[in-house]
Each structure stands twice: as structure tokens, then as C-alpha cells.
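Those sequence lines, one after another, are chains G and A. If you're matching positions, the first sequence starts at 4 in the working numbering and goes up one per residue. If you're matching positions, the second sequence starts at 4 in the working numbering and goes up one per residue.
Derived from the structure by calculation, the hints contain no laboratory data. Wrong hints could be hidden among the right ones.
Given that identical chains are not distinguished, each listed pair holds provided it fits within a single copy or across any two copies.
[Unchecked claim] Quick list of in silico lysine-lysine cross-link-like pairs, DSSO-like style, CA-CA up to 30 Å: (1) K583 to K463; (2) K539 to K509; (3) K539 to K561; (4) K463 to K437; (5) K437 to K10.
Please read these numbers as outputs of a predicted model, since none were measured by experiment.
2 protein chains.
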Amino acid sequence: MGERLPKWKALAIFSSDALSSVGYGPEQIALVLAVSGLVAYGYYPYAFLTVLILLAIVTASYTQVARANPGGGGSYSVARKNLGEYPSLVAAAALFADYVLTVAVSICAGTQALVSAFPTLQGREVSIDLVVLFGILTLINLRGVRESAHVFVLPTYLFVLGMLGLIITGVYQALTGPGPVFPPASLARQELDWMMLALVLRAFANGCSSMTGLEAISNGVPMFKQPEHVNAIKTTYWMSGLLAVMLTGISFLLLHYHVMPIAHVTMLSQIAEQTVGRGWFYYYIQMATMLILFLAANTAYNGLPPLLSLLAQDGYMPRYLGMRGERLSFSNGILLLSLVAGLLIIGFNGDVEHLISLYAIGVFLSFTIAQSGMVVHWWRQKNRNWGRRALVNGFGATITGIVVVVIAVSKFFAGAWIVLIFIPAMMFVFKKIKKHYLDMAEQLHLPLEEGPYSIKPVGKHYVVVPVASPTRVVAETMRYAKKIGDEIIALHIATDKETARRVEEKWRQWNPEVNLVTVYSPYRLVIQPLLHFVEKLTRRKQPEDYITVVIPEFETRKWWHRLLHNQTGLVLRTLLIFNKNVAVTTLPFHLQK
Amino acid sequence: MGERLPKWKALAIFSSDALSSVGYGPEQIALVLAVSGLVAYGYYPYAFLTVLILLAIVTASYTQVARANPGGGGSYSVARKNLGEYPSLVAAAALFADYVLTVAVSICAGTQALVSAFPTLQGREVSIDLVVLFGILTLINLRGVRESAHVFVLPTYLFVLGMLGLIITGVYQALTGPGPVFPPASLARQELDWMMLALVLRAFANGCSSMTGLEAISNGVPMFKQPEHVNAIKTTYWMSGLLAVMLTGISFLLLHYHVMPIAHVTMLSQIAEQTVGRGWFYYYIQMATMLILFLAANTAYNGLPPLLSLLAQDGYMPRYLGMRGERLSFSNGILLLSLVAGLLIIGFNGDVEHLISLYAIGVFLSFTIAQSGMVVHWWRQKNRNWGRRALVNGFGATITGIVVVVIAVSKFFAGAWIVLIFIPAMMFVFKKIKKHYLDMAEQLHLPLEEGPYSIKPVGKHYVVVPVASPTRVVAETMRYAKKIGDEIIALHIATDKETARRVEEKWRQWNPEVNLVTVYSPYRLVIQPLLHFVEKLTRRKQPEDYITVVIPEFETRKWWHRLLHNQTGLVLRTLLIFNKNVAVTTLPFHLQK
Chain G
4 MGERLPKWKA LAIFSSDALS SVGYGPEQIA LVLAVSGLVA YGYYPYAFLT VLILLAIVTA
64 SYTQVARANP GGGGSYSVAR KNLGEYPSLV AAAALFADYV LTVAVSICAG TQALVSAFPT
124 LQGREVSIDL VVLFGILTLI NLRGVRESAH VFVLPTYLFV LGMLGLIITG VYQALTGPGP
184 VFPPASLARQ ELDWMMLALV LRAFANGCSS MTGLEAISNG VPMFKQPEHV NAIKTTYWMS
244 GLLAVMLTGI SFLLLHYHVM PIAHVTMLSQ IAEQTVGRGW FYYYIQMATM LILFLAANTA
304 YNGLPPLLSL LAQDGYMPRY LGMRGERLSF SNGILLLSLV AGLLIIGFNG DVEHLISLYA
364 IGVFLSFTIA QSGMVVHWWR QKNRNWGRRA LVNGFGATIT GIVVVVIAVS KFFAGAWIVL
424 IFIPAMMFVF KKIKKHYLDM AEQLHLPLEE GPYSIKPVGK HYVVVPVASP TRVVAETMRY
484 AKKIGDEIIA LHIATDKETA RRVEEKWRQW NPEVNLVTVY SPYRLVIQPL LHFVEKLTRR
544 KQPEDYITVV IPEFETRKWW HRLLHNQTGL VLRTLLIFNK NVAVTTLPFH LQK
Chain A
4 MGERLPKWKA LAIFSSDALS SVGYGPEQIA LVLAVSGLVA YGYYPYAFLT VLILLAIVTA
64 SYTQVARANP GGGGSYSVAR KNLGEYPSLV AAAALFADYV LTVAVSICAG TQALVSAFPT
124 LQGREVSIDL VVLFGILTLI NLRGVRESAH VFVLPTYLFV LGMLGLIITG VYQALTGPGP
184 VFPPASLARQ ELDWMMLALV LRAFANGCSS MTGLEAISNG VPMFKQPEHV NAIKTTYWMS
244 GLLAVMLTGI SFLLLHYHVM PIAHVTMLSQ IAEQTVGRGW FYYYIQMATM LILFLAANTA
304 YNGLPPLLSL LAQDGYMPRY LGMRGERLSF SNGILLLSLV AGLLIIGFNG DVEHLISLYA
364 IGVFLSFTIA QSGMVVHWWR QKNRNWGRRA LVNGFGATIT GIVVVVIAVS KFFAGAWIVL
424 IFIPAMMFVF KKIKKHYLDM AEQLHLPLEE GPYSIKPVGK HYVVVPVASP TRVVAETMRY
484 AKKIGDEIIA LHIATDKETA RRVEEKWRQW NPEVNLVTVY SPYRLVIQPL LHFVEKLTRR
544 KQPEDYITVV IPEFETRKWW HRLLHNQTGL VLRTLLIFNK NVAVTTLPFH LQK
């Protein structure tokens with residue numbers, strides 16, 4: 004994307020992930036405090052204000068990331084540059100978890116917004132989730148719509164407008180209405196014993212999910228208009244400001260109406276219904292919420308390929324993922340992301356509350372690492388103001404680090420353990436892949452002074468041409484084989500004596516000056532007999548001899564015709580590779596209709 | 004499977020699909036008659052007895068299929084031999100629909116049996132369905148467990164024992180108990196107006212789902228002990244007899260207890276609970292029902308590959324599916340089956356009742372075609388008793404044909420329309436594939452008298468070797484290239500000038516007597532520049548010249564290392580095929596660790 008983005012557009016493009024968490028963040032705090040038998044909404048403000056303060060700290064820290072990394076680059080790059088290998092791999096693993104959970108959580112929350120508005124859909128949540136995941140997001144991303152970023156602008160502003168309208172209306176009604184602003188039930192709280200404290204901590208940990216996606220702008224600094232980092236920082240402030248206002252407004256209304264959890268209906272839907280009734284504005288809010296949440300899920304699809312590419316260039320992921328712009332690489336990443344997100348949705352039955360337990364920990368882990376990396380960055384640079392800047396990031400790192408521990412402990416059994424196993428497991432995979440590439444480089448190394456011809460030249464070259472019956476394709480293949488080989492072997496695999504006799508007869512009439520070898524395969528197998536034949540030939544030949552199997556591949560006129568061919572070649576290549584000095588050549592043959 | 008099966012074993016192996024329908028068949032009749040506001044269980048016996056008579060007719064017809072086709076072969080083969088192309092394609096399409104729906108319906112019904120027993124799982128049905136489908140059945144079948152048939156024996160008999168035990172206990176209690184055998188509510192019925200008649204017909208159409216799987220034995224005649232067809236026929240009688248007894252018993256108890264639909268609890272579970280209480284025997288019945296239903300789903304995985312293979316041999320499906328025993332072919336079929344079944348489960352939200360509307364029509368369509376084919380068969384043979392035999396099958400064909408119309412009309416809007424669109428669509432695909440193969444055969448034809456050398460020999464042979472940096476692999480590749488080519492071109496794709504200079508320097512030192520061509524690719528693309536280079540070369544060369552691109556493929560020590568390589572070769576082959584006379588050769592290189 005060559006075009007630079009004005010701030011208003013960039014805000015919409017980068018903030019759908021962060022802003023959409025208004026759709027579930029406040030609810031996630033309230034859910035913990037509404038545990039049956041306990042009325043503890045009185046603690047809501049404590050949990051919520053802590054989240055808000057944390058938001059301010061993380062925002063301040065990330066404006067500095069934007070300042071220091073005008074080239075973009077997330078917590079992985081920051082850690083790699085400043086903290087070394089292991090922290091960067093922790094960050095990469097955490098980001099992986101983050102992307103997968105962004106998809107799973109956002110889709111499930113979006114579906115809940117939809118189902119709240121249309122109760123007939125109740126009980127079909129998982130099915131809807133999966134249709135959105137595989138039927139919409141995966142397909143769109145596999146098709147590879149490049150300019151898709153601009154699609155974000157309208158829904159994001161529609162959502163923000165709707166939220167602000169809802170909040171203004173609701174707060175006005177609350178302040179001018181006859182009842183109390185906060186009903187006593189919303190202020191009730193029990194004594195703060197250890198169990199209660201644990202509950203409030205859990206509520207806070209859940210609320211931290213409101214902060215996911217905050218790092219997006221700092222990853223996209225190069226896309227801003229000049230001066231890039233100034234504009235990026237201003238946009239970050241706007242995003243966090245909007246997020247804070249919306250979270251506060253919704254929290255206010257949640258307490259004002261004393262919203263309690265109802266199955267299949269989100270709290271945001273209850274708030275909207277109580278404020279404006281079930282009219283057009285209610286449906287507008289639900290649809291806008293659904294839309295921004297699905298768009299938030301989509302951001303993960305844009306975020307994962309660049310991360311994979313960076314990891315691949317450093318040797319921690321398969322090398323071919325490092326080739327930018329290659330469709331196939333992206334497809335693999337997209338499918339992997341969808342598959343894992345789909346498994347999570349099925350495993351957690353589309354339950355946002357349970358998925359949230361996994362979500363926040365990865366996010367805050369990568370926050371912590373990025374901030375720590377920034378401290379080292381400022382300390383190394385020792386520019387003007389480096390002390391103050393290091394202090395801001397150091398404070399951010401400390402606080403987010405503490406949050407990681409709080410989440411890990413308070414949500415351990417609720418699912419955080421999965422992430423705590425996943426991250427080291429991923430690191431193990433990263434290291435294993437790296438080791439393989441290092442081993443390989445060593446094996447491939449050829450001392451320059453030895454020269455390329457320290458290896459003996461090729462001896463005899465056998466060429467095997469499989470023949471079903473003498474056709475034009477066989478003729479062309481034989482012509483190519485004659486050009487490259489010393490000895491040509493035409494191989495016919497026959498299912499019965501009768502066909503074998505007929506093919507041999509035809510071959511004699513045709514007289515291509517090449518011997519036809521017939522091999523019998525009574526069970527209609529094709530691949531196995533060919534493999535056996537090549538293996539027998541391998542044992543007969545000298546070490547320097549080569550065998551090439553030439554297989555015609557059909558280039559068809561219509562795309563779907565390709566599905567009707569070419570499988571044999573693929574299988575053969577996969578199986579013949581185990582033999583030393585056996586090459587497989589595919590020869591194109593163009594069908595005219 | 005070389006071993007012949009004794010009757011008791013064959014019964015278990017072939018009948019899990021048919022017998023398992025006891026798990027949902029009676030319920031499906033009752034569901035229609037329990038539509039809110041109407042109490043119409045009084046019509047249950049009418050619908051049910053019609054199903055039972057139909058069962059007798061179809062059984063008699065299929066014993067004759069078993070007699071006439073000692074080689075096995077389902078309705079597709081029968082139709083192809085006796086009725087011609089179009090009826091056979093209708094049968095094939097109907098069988099496709101049948102297999103997919105067997106998987107979907109059986110899994111959903113099995114999950115319902117599980118959830119009925121363990122109410123904590125309520126609301127998670129779709130997730131469980133998908134885990135069973137993709138996490139268990141698909142994986143097991145992809146692994147390709149060959150001797151899996153024997154796994155069927157124990158669960159099938161456990162299920163039959165459980166059902167008989169339940170029925171005997173229940174009927175004894177009903178007859179000896181204080182209350183009436185049938186409560187008045189179960190005998191109530193409204194006047195039979197047109198609407199009521201439509202309802203009873205729908206109940207009957209639903210009940211026909213109890214007959215799915217009845218054809219299984221006639222497809223497997225060659226697996227019986229000698230005399231095969233005699234044993235097969237006896238086993239068919241046993242299967243149908245058992246099915247009839249179980250269906251009747253469960254229907255009796257359903258009316259006796261006046262079981263009404265309850266969300267998340269099957270009627271069979273209600274019956275079991277009322278008869279024996281929620282003790283071990285209740286859980287035994289639920290688990291046995293679940294197990295046999297999942298096994299029934301599995302039978303479709305065994306049935307589809309042979310059908311695909313037959314269709315492929317006749318040219319209606321991709322040819323490579325006709326190669327028996329090739330793992331890849333089976334995998335494609337298995338994945339396709341799972342995928343479509345998964346989509347149906349998601350689309351219908353795991354609802355057995357809605358899926359049933361699609362199910363019965365395909366089954367009865369293939370019944371009808373098989374029976375019609377048999378009539379032609381007897382008429383052509385004109386053996387002893389041919390008139391009587393033709394009459395039996397003719398009667399069967401007529402009745403099942405009427406049932407097809409009844410189901411199609413009474414369930415049209417409930418989902419039968421999907422199948423009625425699917426079948427012609429599949430036939431269109433079959434015909435299109437056949438046409439492609441016929442076109443191809445024509446293009447490949449080479450008149451024998453012309454001889455193989457009517458085509459000009461190959462002119463100059465260019466060999467392109469991509470070089471990242473001079474390594475041992477490049478050296479081996481060059482050695483092969485020298486053997487086969489007239490002109491070798493080493494091609495380096497550089498992302499920046501600096502690396503390019505370094506590689507060129509090394510190349511010069513190395514001195515392999517081959518020119519190195521450097522192409523710049525600033526965006527880290529690899530495939531595109533190579534394609535462009537080859538295309539440029541293609542334009543320069545003579546029509547008879549050939550270009551071969553040689554790509555090393557790594558054979559790795561550990562299986563997962565393969566995932567780290569080889570992608571470039573695959574992509575190149577896919578893209579280079581569009582150029583005339585451009586071959587792609589993969590050369591194996593074995594890594595030692």
C-alpha cells in the first residue's frame with residue numbers, strides 16, 4: 004500500500020481491534036462480580052478504574068514505541084533488537100496466541116451481539132461462529148483482498164457514533180430521571196475477605212481484555228503521513244481517549260441499570276434496550292457492534308503474515324514463509340490461524356468468558372516484553388530525555404509485568420495454563436526449526452577452494468517413461484527423454500494380460516526404437532509397481548548414475564479440469580525422493596479443449 | 004480382507020447402519036405428530052405400520068439383489084448394467100447424498116444420546132458433533148485402519164441386547180402394571196382432514212429414515228461364507244427381523260409412556276429412564292446407542308471410496324480415484340465426505356429432525372433404481388421363476404417410487420428441495436467430467452501408422468539452475484544439469500546489490516564454467532522473477548527447444564523437517580506449466596541430520 008494515511012483514516016484502520024473490546028470488556032468485569040449468591044457490583048468501580056489507569060500507562064508507553072520505531076515492528080522486533088533471542092521468542096509465541104484469540108474472541112462476541120438482537124438464533128451460536136470464521140473471514144483472506152483496509156473506516160465510525168449516542172442518551176436519562184443514578188443493588192458489596200479479593204482480582208484480569216489491540220498503531224507507523232511518528236502518537240491518544248470514554252460510559256450505564264447476566268443476551272444489548280427501547284437505534288447498535296467485532300477478528304489475518312515473515316527470515320519458521328507476496332505462504336498462515344481459532348471456538352463452545360481467560364495473558368506478556376525492550380533501547384541510545392523515556396517504559400513494563408502475574412495466578416485454572424504451556428512449546432518449536440536450518444547450512448557448505456567439480460560427474464543417465472498406451476503425449480515425452488537420457492525405458496503397468504498384450508502389440512507397430520517393459524499389477528495399483536521398478540533399477544546402477552522419471556502434466560483449458568489430473572506426479576515425487584539420484588521431471592502438455 | 008465372514012459376524016458388520024436407526028426412527032414419527040396444539044399420537048400406529056410393511060417389501064426386494072449380484076455392487080452398478088447411463092448417474096448422486104447424510108444424521112443422533120444421559124453437556128451439541136466428526140472419525144479413517152470391520156461386532160450386539168432387554172422389561176411392566184397399556188392421550192386423534200392427512204404422511208416420511216442402511220448386505224455378498232448368496236439372504240432376514248422387533252418394541256413403549264418431545268433429551272432416553280430408572284442399565288443403553296450411531300456414521304467412510312472408484316473407472320470422477328489402494332485417493336474422498344457432513348451439521352445446527360428431511364429421499368431413490376434395475380435383469384435373463392422374481396422387484400420399485408414422491412412432496416420445503424437440486428447438479432458434474440476425458444482421449448490420439456517420430460526432435464535444451472549461494476547442493480545440481488543440457492544458466496535472485504555482489508564474487512572464485520545471471524527482486528519475491536526469466540527465455544528460443552528448470556528437493560531425516568522445505572518447487576511447477584516446452588525437474592538431496 005503506497006498511499007500514506009491521514010489520521011482520521013488511520014484511526015479507523017488500526018483501532019477496530021482496540022475499540023471493539025467495548026463490546027465485551029465491561030461485561031467481562033461484571034460477569035465475575037455477578038457470580039451466583041454474591042452481589043459485589045460495589046467493587047466494579049475499583050476493578051474498572053484500575054483498568055483505566057493501566058490503559059493510560061500502556062498508552063503512554065506505546066507512544067514511545069511509536070517514536071523509537073518509525074519503521075514499525077511489534078514486540079518481536081523490539082525484543083530481538085534489544086533483549087536477545089529468548090525474550091523475542093517469548094514475544095513471538097505470545098503474539099501467536101494473541102492473534103488466534105483475537106479471531107476466536109471477536110467472532111464469538113460478534114455472534115453474541117447478533118443473537119442478542121435476534122433471539123430466534125439462540126442455541127445456534129457455535130454454528131454462526133464457524134460460518135463467519137470459515138465461510139466469510141477465511142475465504143475473504145484466502146482470496147487476498149489487498150485494499151481491504153479501507154473497508155474498516157465506515158463501520159468503525161458507525162460504531163463509535165452509535166456508542167457515543169447511546170452513552171449520551173443514557174447518561175442524560177440517568178441524571179434527569181426520577182430514580183437514583185445508581186440503584187443500591189449496584190453499590191452493594193460484601194466484606195473484603197481473601198475470597199472477595201480474589202474475585203475482584205479476577206474481575207480486573209477479565210477487564211484487561213479491554214486493552215487488546217492497543218499496540219496496532221505502533222506497528223503501522225510507516226503508513227502515516229509525515230511526520231509519521233508525530234501523527235502516529237496523536238492517533239494513539241485519540242484511540243485510547245475514545246476507548247476510555249466508551250468503556251466509562253458503558254460501565255456507568257451497566258451500573259445504572261444494574262444489568263445482570265442473561266443467557267444468550269449480552270449486557271451491551273440489555274443496556275441499549277433499556278436506554279432506547281427495541282427500535283431502529285437498538286438494532287443499529289447491535290449490528291455496528293457485530294460488524295466492528297468481525298472486523299477486529301480480521302485484523303489478526305493482516306497481522307500474522309508479517310510476523311511469520313519476520314520469524315522465517317530469522318530462521319524460526321519455515322523459510323518459504325519469508326518470501327513476501329507469495330500467495331501460497333499467506334494461504335498456509337491463514338488456514339492455520341482459522342483452524343486453531345475454529346478448534347478453540349469448538350472446544351470452548353463459543354463462550355467468550357472462557358476464551359477471555361486465555362486472551363489477556365498473551366497480550367500483556369507481549370506488552371511487558373515490548374516495554375522492557377524499549378528501556379534497553381533508550382539506555383543504549385542515551386539521547387536527550389533518555390532517562391525520562393526509560394522511566395516511562397520501565398514503569399509500563401513493571402506494571403504490565405505485574406498484571407501478567409495477576410492474570411496468570413487468578414485465571415490459572417480457568418484457562419491461563421493453556422497459554423502458559425503453549426508459549427514454551429512454541430519456543431521449543433522455534434528453536435528446533437532454527438537448529439535444522441543451522442544443521443543444513445553446515446551440510447550444504449562447500450569450501451570454495453575445492454571448486455564445484457570435486458564431485459564426480461554423472462555416469463549413465465536412465466530415463467523412465469510410464470506408458471498407459473501409445474498416445475501423442477507419450478510421443479512427446481519420448482522425444483524429450485531421448486534428448487536427455489542415455490538409456491530410455493518405457494514402462495507399462497498392466498492390470499491384466501489382455502490389455503498388456505494389446506499395448507505391446509500397438510507398441511511394436513508403432514516402433515519407437517525403445518524397449519517396452521511390462522509390469523503386472525493385479526489390484527489396479529499404479530504407484531507401487533512403478534516405485535518397485537525404480538528401486539530395482541537403483542540397485543542395479545552405479546553410484547554416479549542417475550535415473551529420471553518423466554511424467555506428463557496436463558495444462559487444461561478450464562481451471563477445474565486440473566482437479567482431474569496430475570495427482571500421480573505429486574505422489575511419485577513425494578515417494579521417489581527417498582531414493583538417491585532419482586530425479587522426477589514433469590513435462591507440460593497443453594490440452595486444447 | 005481375504006477372510007470370509009460367518010453369518011453372526013456379518014450381521015454385526017453390515018447392520019450397524021440399519022439397526023442404529025432405532026435410535027431416532029420412532030422419535031421422528033412421534034415428533035411430527037406432537038406438533039404444538041395438536042394431539043395426534045392416535046395416528047402413530049398407522050404411520051408406523053406402513054413403515055413396517057415397507058420394510059418387509061424392501062427386505063424381500065433386496066434378498067433378490069443379493070441373489071442376482073453375487074459379486075456385490077450397489078444400486079449404481081445394478082442401474083449401469085440394466086438401465087443405462089442416466090439412471091445409474093441418478094443412483095450415484097443419490098448414494099453420494101446418502102453417505103453424507105448417514106454421517107451427519109448418525110453423529111447428531113449419537114451426540115443426542117450422549118447429551119440426554121449427561122445434561123451438563125446441553126447446548127454443546129454442535130461442538131461435540133464436530134469433535135466426533137473431525138477429531139475422531141476423520142482422523143481414524145485418514146489413518147486408514149483396514150481391519151476396522153471387526154470393531155463393529157461387540158457394540159452392535161451390546162446395542163441389540165440392550166434394546167431387547169429394555170423392550171422386554173418395558174412390555175412386561177406395561178402389561179402387568181396397574182395403569183392402562185396405552186393412556187388415552189396416546190390414542191387421541193383429531194378428525195382426518197386434509198391437514199391431518201398431510202401430517203400423517205409427513206410422519207410416515209420421517210419414519211422411513213428407519214430403513215436407511217438396509218442395502219448394506221447386498222453390497223457385501225462376496226464377503227460371506229459359501230454359499231454366499233444363501234447366507235447373505237438369511238442374514239438380511241435376520242437384520243430386518245431384528246430391526247422390526249426393536250422398532251415395534253420402542254414404538255409400543257413410546258405410546259405406553261406417552262413420551263413427548265423435550266429439548267436436549269431423546270425419546271429413547273425418556274423411555275429408558277421411565278422403564279429402568281436412571282441406573283447403570285440406563286447409562287448402558289445410552290452409551291450403546293451412542294456407540295452404534297457413531298459406528299453407523301463410520302460405515303459411510305467405508306462405502307464412499309468403492310463408489311468413487313467405480314465412478315472413476317467409468318470416467319465420471321477424476322481418474323486417479325480409480326486407483327485402488329492409493330492412500331491419497333482415499334484421503335480426498337474422506338476429507339470431502341467430512342467437510343460436506345460438517346457443513347450440514349453446522350448449517351442445520353446439529354438438528355436430527357431437519358437433517359432427516361434430506362436423508363430419506365436419497366435412500367429411497369436409490370432403492371427404487373436398484374429395484375427397477377433388477378426387474379430388467381430378470382426379464383433379460385428369463386431364468387426359472389423370472390416372472391415371480393420380476394414381480395417382487397417390480398412391486399418393490401413401485402412402492403419405493405411412490406414413497407420417493409410422498410417424501411419429496413411432504414418434505415419439500417423442509418429440506419427435500421436441497422436433495423432435488425443436488426442430484427441433477429451432481430449428474431451435470433458427472434457428465435462434464437466424462438466429456439473432458441472423452442475430449443482428452445481424442446486429442447491424445449496418435450494414428451499408429453504415423454509412428455512416434457512424426458514430431459520433430461527436440462532442438463536446443465536450456466537448463467536453468469536457481470542459485471541462492473554456491474553450496475554442495477548447487478554443485479550436485481550443476482553436475483546433473485551438465486549431463487542433460489546444451490546450455491546451462493545459473494540464476495541468482497538477489498534482494499539487494501550487496502548480497503548480489505558477494506554471491507557473484509564467490510561464484511567467480513568457485514569457477515564452475517557456467518555463467519551466473521543475477522536478477523534483482525527488491526520485495527523479497529522469489530517465484531515471480533524466476534517466472535519472468537523463464538518466460539523471457541521462452542520467447543527467445545525456437546519452437547522445438549526445451550527449457551528445464553532444475554530444483555533441489557531435500558529429503559530430511561525427520562518427517563517434520565519436510566514441512567520446512569520444498570514449497571518453492573511445488574509453486575514453480577504449478578506456475579511454469581502454462582509455458583510450452585518448459586519442464587521442471589526435482590532433484591533429491593539427502594540431508595544426513
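- request: Can you give me the call for K463 and K437, within, between, both or neither, at a CA distance of at most 30 Å?
  value: neither (38 Å within a copy, 42 Å between copies)
- request: Evaluate K583 and K463 at a C-alpha cut-off of 30 Å and name the case that applies: within, between, both or neither.
  value: Cα proximity of K583 and K463: in one copy and across copies (14 Å, 28 Å).
- prompt: Using 30 Å as the alpha-carbon threshold, which applies to K539 and K561: within, between, both, or neither?
  reply: between (39 Å within a copy, 25 Å between copies)
message: At most 30 Å between alpha carbons: which applies to K437 and K10, within, between, both or neither?
response: neither (40 Å within a copy, 58 Å between copies)
field: Same-copy or cross-copy closeness of K539 to K509 [CA-CA at most 30 Å]
entry: Answer is within; shortest intra-copy Cα gap is 26 Å, inter-copy 40 Å.
Checked against the numbered hints given earlier, this structure breaks hints 4, 5; the rest are met.
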